[in-house]
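Asks: Take a look at the letters that make up each chain.
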Amino acid sequence: MDIKVGIPRALLYYEYYPLWISFFKELGAEVIVSQKTNKEILYNGIINTVDEACIPVKIFHGHVMDLKDRVDYLFIPRIKSVFMNEYICPKFSGLPEMIKYSIKNLPRVIDTEINFFESKEHLNDTIYRIGKYISNDYGFIMSAYDKAHLEYKLHRKNIEQEKAPFVNEIKILGKTKANIGRKRRIMVMGHSYNTYDSYLNINLLDKIKSNKAEILTPEMIEERYTIDYAKKFDGDIYWTFARKLIGTALYLIDTRSVDGIIYISTFGCGIDSVVGDLVEKLIRRNSSIPFSLITLDEHSGEAGINTRIEAFIDMIRWRDVLEDNISAHG
Amino acid sequence: MKITFPHIGNSYIPIKAMFDDLGVETVVPPKCSKKTLEIGTKYAPEMICLPLKINLGNYIESIEKGADTIIITGGCGPCRFGYYCEVQKEILRDLGYDVDIVVLEAPEGNQIELFRRISRIANTKNIIKISMAIKNAIDILKKLNEFEDKVLKFRPYEINGNEVDNLYNELITDLENSNGSKEMKVHLNRALKLIDKVPLDKNKDALKIGIVGEIYTVIEDFSNFDIGKKLNRMGVEVHKSLSPSEWITDMLFFRSFGMSKEVKIWNAAKPYIDTCIGGHGRETIGNTVLYSEKGYDGVIQLMPFTCMPEIVSMSILPSIQAEKNIPILSLIIDEMTGEGGYLTRLEAFIDLLRSRKDKKQLEGVN
Chain A
1 MDIKVGIPRA LLYYEYYPLW ISFFKELGAE VIVSQKTNKE ILYNGIINTV DEACIPVKIF
61 HGHVMDLKDR VDYLFIPRIK SVFMNEYICP KFSGLPEMIK YSIKNLPRVI DTEINFFESK
121 EHLNDTIYRI GKYISNDYGF IMSAYDKAHL EYKLHRKNIE QEKAPFVNEI KILGKTKANI
181 GRKRRIMVMG HSYNTYDSYL NINLLDKIKS NKAEILTPEM IEERYTIDYA KKFDGDIYWT
241 FARKLIGTAL YLIDTRSVDG IIYISTFGCG IDSVVGDLVE KLIRRNSSIP FSLITLDEHS
301 GEAGINTRIE AFIDMIRWRD VLEDNISAHG
Chain B
1 MKITFPHIGN SYIPIKAMFD DLGVETVVPP KCSKKTLEIG TKYAPEMICL PLKINLGNYI
61 ESIEKGADTI IITGGCGPCR FGYYCEVQKE ILRDLGYDVD IVVLEAPEGN QIELFRRISR
121 IANTKNIIKI SMAIKNAIDI LKKLNEFEDK VLKFRPYEIN GNEVDNLYNE LITDLENSNG
181 SKEMKVHLNR ALKLIDKVPL DKNKDALKIG IVGEIYTVIE DFSNFDIGKK LNRMGVEVHK
241 SLSPSEWITD MLFFRSFGMS KEVKIWNAAK PYIDTCIGGH GRETIGNTVL YSEKGYDGVI
301 QLMPFTCMPE IVSMSILPSI QAEKNIPILS LIIDEMTGEG GYLTRLEAFI DLLRSRKDKK
361 QLEGVN
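Protein chains in written order, with this note's numbering: chain A, 1 to 330; chain B, 1 to 366.
No lab work stands behind these hints, which were simulated from the structure alone.
Among these hints, one or two may not hold up.
[What the hints assert, rightly or not] Simulated coverage check for chain B against chain A, where a stretch passes if three residues somewhere in it have a Cβ under 8 Å from a Cβ of chain A:
hint: 1; segment: 41-55
hint: 2; segment: 79-88
hint: 3; segment: 180-188
hint: 4; segment: 276-288
hint: 5; segment: 300-312
Ideal Cβ positions, reconstructed from N, Cα and C, are used throughout, including at glycine.
Using the sequences and the hints, build the whole thing.
Replies: This is the structure in structure tokens:
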């Protein structure tokens with residue numbers, strides 16, 4: 001019988017799912033991913049987590065509850081750092097502990113530490129320690145990782161190509177009629193587990209699309225750009241999320257490739273309390289791109305979000321006509 | 001150059017001593033007050049943690065008193081404390097204050113750069129003069145912390161009432177009025193002798209509580225509504241697990257020194273968490289375990305709202321409470337915290353500890 005490995009569909013799953021899923025599949029395990037976030041998962045998360053935690057962490061607990069009785073192993077790595085000199089978030093470092101001490105009767109937890117803060121030298125070691133739960137064959141584990149990594153790279157490339165922003169397209173269009181009638185492009189910024197979890201953000205992406213606008217997310221910008229632009233930020237950046245979001249903001253300011261920016265943050269997020277503020281200041285100071293911050297929590301009401309998005313997009317459209325400067329930021 | 005710095009507990013005294021010795025003019029920010037917090041809350045990002053809001057209030061009040069250079073101690077991740085300096089710089093810039101900000105840290109352990117920055121604010125390159133000033137300041141800080149520890153320890157046992165408080169207030173006034181470390185040391189040594197002579201009723205049955213948590217809220221008595229004094233008044237002996245003197249030696253001479261005390265705390269935390277989660281999260285766990293082993297009656301965890309490392313510790317604490325059989329109360333503080341509700345929770349916790357202890361003693365007699 002195959003070993004069943006459960007992967008919660010939450011937090012960094014949204015960044016790395018092709019890698020994780022195909023790695024365990026290549027190793028011969030059966031991979032079970034929790035259901036998409038739903039009411040029950042959210043509820044289970046809320047009652048099983050300390051009250052002070054942020055909503056994404058609560059949802060993670062809910063996904064663990066969804067999986068724990070149907071798998072042999074739970075994949076909850078301690079992801080401290082995925083990039084040199086950068087951390088993820090303190091809560092991610094303590095995530096295995098938060099789960100273990102909040103939820104009883106867990107299956108075995110794969111809680112290997114992933115920490116590339118100093119270097120990536122021990123990458124192979126880390127992979128081996130994760131793979132060892134399933135197999136003892138070093139070569140087999142490594143080849144499984146290589147295949148999974150190829151898949152992950154392909155996935156990244158697909159996302160980047162899917163909607164790769166046409167730099168300066170808006171500027172080129174200028175004061176033509178084609179510009180006024182065209183689809184607006186909105187950047188939806190935020191942590192990937194907020195932008196891509198459609199239950200948490202109440203279908204925000206679809207809502208924007210149905211308002212005749214297209215979406216861009218930080219993942220769609222090639223990583224080398226965000227890294228390069230983040231270097232221009234004056235100050236030390238030591239969170240991977242911060243680097244990505246600040247890099248994205250500076251990229252957008254420089255290329256002016258979007259009509260508006262919506263930043264999704266969650267209530268009580270320590271990273272967003274800093275990054276959201278820095279990004280907003282950067283955008284307001286250096287450009288005239290409209291910016292809106294939407295904070296989500298377990299009490300978010302759909303009507304309120306609808307109103308804000310409609311108002312935001314209406315404002316962008318009116319701006320072109322009423323202000324008589326077709327490209328306000330071109 | 002008029003230098004100012006944020007408040008954290010009484011550490012403004014040794015800092016002032018250091019600059020007095022160096023002959024640099026300082027502006028001590030007005031004592032933290034509701035007004036300080038109000039100013040900070042107004043200009044800080046909405047969701048940022050409490051210490052930044054109070055710090056920002058300190059700076060602005062000092063700038064209004066004429067300060068033109070701000071000293072900040074730096075930090076490194078993973079908690080947001082490391083971004084304090086960037087966020088504060090941006091805010092002060094937006095507000096139009098033209099001030100110099102100097103970050104006191106050894107970036108990546110680079111002591112030379114630290115010294116370069118220090119010599120810039122110290123207005124001298126004389127290494128001996130600077131190191132003497134720092135050494136004296138640390139001495140004063142250590143003595144002051146020793147005194148504060150005794151205040152928290154002795155107050156509940158006092159026979160005549162208010163003697164310790166009077167001594168404490170007198171000392172602070174003396175220190176504030178003195179110039180330079182030499183004078184301060186005289187006052188401190190005298191006070192340390194006097195406090196040991198305060199008549200105490202050692203047979204009094206007082207509860208013992210250890211305070212753990214986020215360092216700023218543990219040390220800065222404005223932010224925690226002077227929890228030490230409140231508990232002392234209820235007849236509780238208090239010990240704070242963190243003190244500025246340890247923190248500053250930690251900060252300046254870089255963590256990975258592995259001081260014996262730190263290692264002991266980490267070992268105590270090991271069964272629950274075996275990695276650094278930023279801030280003082282691991283220390284919170286370790287100290288709680290240590291307090292339970294030392295026979296304390298209860299532990300109080302203090303943290304600012306949304307503090308990331310402490311949230312992780314908070315989710316582990318219930319397991320320690322059950323396994324080590326020690327009641328733990330988590331108190332979360334932000335600018336909306338009302339003193340009345342806070343006091344009620346403290347009183348309820350003390351009542352619980354008291355009846356628990358009485359019950360235990362009764363069982364012991366039978």
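Asks: A separate judgement is required for each hint: does it hold in the structure or not?
Replies: Hints and how they fare:
Look at the segment 41-55 of chain B against chain A: 5 of its residues bring a Cβ nearer than 8 Å to a Cβ of that chain, three or more, so the hint holds. Counting residues of the segment 79-88 of chain B whose CB lies closer than 8 Å to any CB of chain A gives 7, which reaches the minimum of 3, so the coverage claim holds. A count of 0 residues in the segment 180-188 of chain B with a Cβ less than 8 Å from any Cβ of chain A is obtained; the coverage claim is therefore unmet, three being the minimum. Figure legend: the segment 276-288 of chain B, annotated as covered by chain A; annotation consistent (5 residues with Cβ-Cβ distances under 8 Å, at least 3 required).
Given as covered by chain A, the segment 300-312 of chain B passes the check, having 7 residues with a CB less than 8 Å from a CB of that chain where 3 are the minimum.
When each numbered hint is compared with the structure, a violation occurs for hint 3 only.
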